[in-house]
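One-letter residues, chain by chain:
There are 2 protein chains.
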Amino acid sequence: MNSSGKIKTADANFDNLLRIFTVPEGQNSTLTKIEEELSRNLNEFLRNHIVTEERPLKDIEQDFLSSHIPDQPEFVSDHTQHLLDTVVSQSVHTSSPGFIGHMTSALPYFLMPLSKLMIALNQNLVKIETSKVFTPLERQVLGMLHRLVYHEEDHFYSQYMHSAHHSLGAFCSGGTIANLTALWVARNNVLKADGHFKGVEQEGLFRAMKHYGYEGLAILVSERGHYSLKKAADLLGIGQEGLISVPTDQNNRIKPDALKATISRLKQHNIKPFAIIGVAGTTETGNVDPLDDIAEICRQEDCHFHVDAAWGGAVLMSKQHQHLLKGIEKADSVTIDAHKQLYLPMGAGMVLFKNAGATQAIEHHAQYILREGSKDLGCRTLEGSRSGMAFLLYACMHIISRAGYGLLIDESIAKAKYFAELIQSQPDFELITEPELCILTYRYIPEPVRQALKDATEEKRQELNQTLNELTKYIQKKQRESGKSFVSRTQLNPGQLDGMDTIVFRVVLANPLTSKEILHDVLEEQRQIASLATSLLKELSG
Amino acid sequence: MNSSGKIKTADANFDNLLRIFTVPEGQNSTLTKIEEELSRNLNEFLRNHIVTEERPLKDIEQDFLSSHIPDQPEFVSDHTQHLLDTVVSQSVHTSSPGFIGHMTSALPYFLMPLSKLMIALNQNLVKIETSKVFTPLERQVLGMLHRLVYHEEDHFYSQYMHSAHHSLGAFCSGGTIANLTALWVARNNVLKADGHFKGVEQEGLFRAMKHYGYEGLAILVSERGHYSLKKAADLLGIGQEGLISVPTDQNNRIKPDALKATISRLKQHNIKPFAIIGVAGTTETGNVDPLDDIAEICRQEDCHFHVDAAWGGAVLMSKQHQHLLKGIEKADSVTIDAHKQLYLPMGAGMVLFKNAGATQAIEHHAQYILREGSKDLGCRTLEGSRSGMAFLLYACMHIISRAGYGLLIDESIAKAKYFAELIQSQPDFELITEPELCILTYRYIPEPVRQALKDATEEKRQELNQTLNELTKYIQKKQRESGKSFVSRTQLNPGQLDGMDTIVFRVVLANPLTSKEILHDVLEEQRQIASLATSLLKELSG
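Protein chains in written order, with the numbering used here: chain A, 11 to 552; chain B, 11 to 552.
It should be emphasised that the hints constitute simulated quantities derived from the structure, not laboratory data. Warning: the hint list may mix true and false statements.
No copy is singled out in the list; a pair is fine if it fits within one copy or between any two copies.
Unchecked claim - Below, simulated SDA-like cross-link-like pairs (lysine to any residue); rule was C-alpha separation at most 20 angstroms, straight line: (1) Lys68 x Tyr170; (2) Lys487 x Ala376; (3) Lys265 x Arg309; (4) Lys208 x Ser255; (5) Lys208 x Lys240; (6) Lys488 x Arg537; (7) Lys240 x Ser255.
Here chain A stands alone, though its shape is the one from the complex:
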């Protein structure tokens, strides 16, 4: 609090407190200086303030032990210094060009002041009364994305984009809520009102199942489907066992034949497959399911076709690469995260529906808001109060535009192809999955071991592979701890390795600031770390 001197009465206290709402931070305050530093050079700010060497989490926790809310106020400047020393210094430099292990990237500069403006406006998108222009703005942004996916004609958008009785989709906090919303709509449609039965939304799942005579419901997705789908199956009362994993081919894409066989088996047990999910950019490998094939199966089986394009959806911005998502236009619903390859800050997911009336299956009203016939967006969203993130995407659509986004996507994919070739040209690295979008996986494997693995007995191969897994984990951890660069890791069962449990480095190349030089350095650093893992290397050569 900008308070000073002794405070005598409750009134004086309150007048003092009011200052945080009325008196801006001074020109020379610590906070203003930080803000200027941020605006002048974000990367330098982060480089200067984030400590590179990793402190163990246990140590960091020591600064966050008290469960008491502080009794007395701190000065803004004092607390800001504390935040710099304690929080900013120990945060993750997510926008660093050397951090190529996760899906967060550098943000365009103009988004920082615009975010501040968005927060200052503090609109609530749940209803027109607290959002006004933000409602048509959000509807337009959803319309743009809808058109990007579905290519409907002008008259479709003039009819539905601003219609009180329709929504082309919904903004939400992220892909998890987007996927959940899509499956909620799908479930409510397959168990809709029928005769005396008032629909699952009214009567619940138990009575719905009895009415329709099913023994179970199923959602089908490849074994590479996102973990959020398990949550959705649980929440919606389907049960995680109702989320059926379908085998994938060598390229991590769902096998259409296996999908068909699974559906037949389910139907024999009187289990209704009501939704099939195509993945457009798996989280671990970036591969895209054969969407056209899935669409055809959905048509035959009268299933809801959802595409989880949380990661890959933005690829539609590229005229060069949009063909990779062919078939997405047949989906009943699509998830796209703007905080991934559309370069927005965290917290901007979207679900789109082909049919503008689809969300009527989850429509709800109340007395004081969301009245029937209002244009309140909250009638057909899972969330209630929501911030104006659409404002940021609106600005990006205009400032970056389709042309700029296309270039960003093209560059990311080109970079991933470059890195794949680089890995393949090394004697001691092995590419595990080729980049289809800008994600790839690989591992370190000393040259002699590579040959040994090929000639070894089954038992020996398992053993070597196990040690290589340990080595990959070791390298990934040490590299992260040294703080210069970061790759993530996951476990795959690659076909070329006969499906053995294989730990791999996972790399996401969406940060436009990541240079070829950095990619070379990442491999070199991994090679050096590997050379220090003497006991594992001994095991491998023994």
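Given the coordinates of chain A, work out where chain B should sit on it, guided by the hints.
Structure of chain B alone, referenced to chain A:
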């Protein structure tokens, strides 16, 4: 894009595009100037840029008609001017002291630069790898709120606050997700694994109901419960009919006897009441249910006791008024929105669980993140990727502190009491609900009509009341359109009006900048608007 001149090749194009990630906005750019204006005087900025007189939504929509993503980039400065003219100008001045109709208020100044810092850091709270210090920070903030509600001892917090196997709650985008999370935990607990049955989360609701032999499940809440609960009942497969509305008394508080009677009736039909919700601050009237009584009934019936304190939870910060929420410490789970009376920007909800192990009922893992034993917060949250909003609440807890929050709450409640007295002292206004927290409702009623209403026949009373409803709607709409002040409206069935459907003005007095003078002006403006409603007034006097 800060591009200039003609662009020749794709490479040159990309280098140009990179500038939005590397070159900050110039000192004299439109965006920098706006930011400075914002920082210097937010209210003046909003007053200068938001057009007061309301433009019809249909008109505003004309600026948002195209469904095409722009093909070519705009300069940042040009687009910023467009945003000012088209978006900012038509937004809602949610922080205006005269806008006392919704739950958004002015924000403390220091939150704007801190929000910018939070966005620049762009941490993802789903997992340690992308949040590091933000994870212990969020756990501490949840611990502080948990202690505020539950008053556990130090050893409880040292054991659980940072435990990989426990969570004291979850941050989420808002109260809707918070309520949904609480009910999800409750549902999974009542239908948990038992013998060969693997639990509802695995096998789904249909098999769970057959295993447990229930005909239905029920969630009970007063008729003033928030509409988000209907969504939760739908999503979780309970069905909206399973959300049972219990009658309230004259003060909009649930009737414990009616609650007990409802439970008995449900049980006779073999419907299992598994969760009872106490409302601590109804959205429409701000009343608090008798939490102690509900707690006792929950204990007897072995029900999950959830308190929806999205609005009222912050009142615990006030030592003077915390007693209003007595009994909340017995709740199994509590919803609190930080974007309401904790003065954070939109998008900061929380759910707290008394039992640190409660969220194990919704725990989930994946290969590449959320591995068993990790401290990743994402294992036990409904959402996946999440922003670092906890950082802002952490700062508020220190800068405003318990003392400052207490003052803010006390002042809001005092102001509401003042306004209630002011209304009661007017011959032509009628207080409908007394403020228990800082929310109240009232209506305009010409003096002669007031008397006439008392003496009229039943039929005449209905008729007069109907016309008064029209008058209230008219005044509310005209006042909103004139843009100087804003009250909201809702429909109640007040006991003192024999439960007639009654439209009322609803006022929320949480903005610390709202003065007594403004309250006088609001009534005066309403009186003046009323005098223009000649045809309605004629009807009333006829």
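Structure-based check of each hint:
no., hint, in the structure
1, Lys68 x Tyr170, "between (53 angstroms within a copy, 14 angstroms between copies)"
2, Lys487 x Ala376, "between (51 angstroms within a copy, 18 angstroms between copies)"
3, Lys265 x Arg309, "within (17 angstroms within a copy, 52 angstroms between copies)"
4, Lys208 x Ser255, "between (31 angstroms within a copy, 19 angstroms between copies)"
5, Lys208 x Lys240, "between (27 angstroms within a copy, 15 angstroms between copies)"
6, Lys488 x Arg537, "within (12 angstroms within a copy, 72 angstroms between copies)"
7, Lys240 x Ser255, "within (11 angstroms within a copy, 31 angstroms between copies)"
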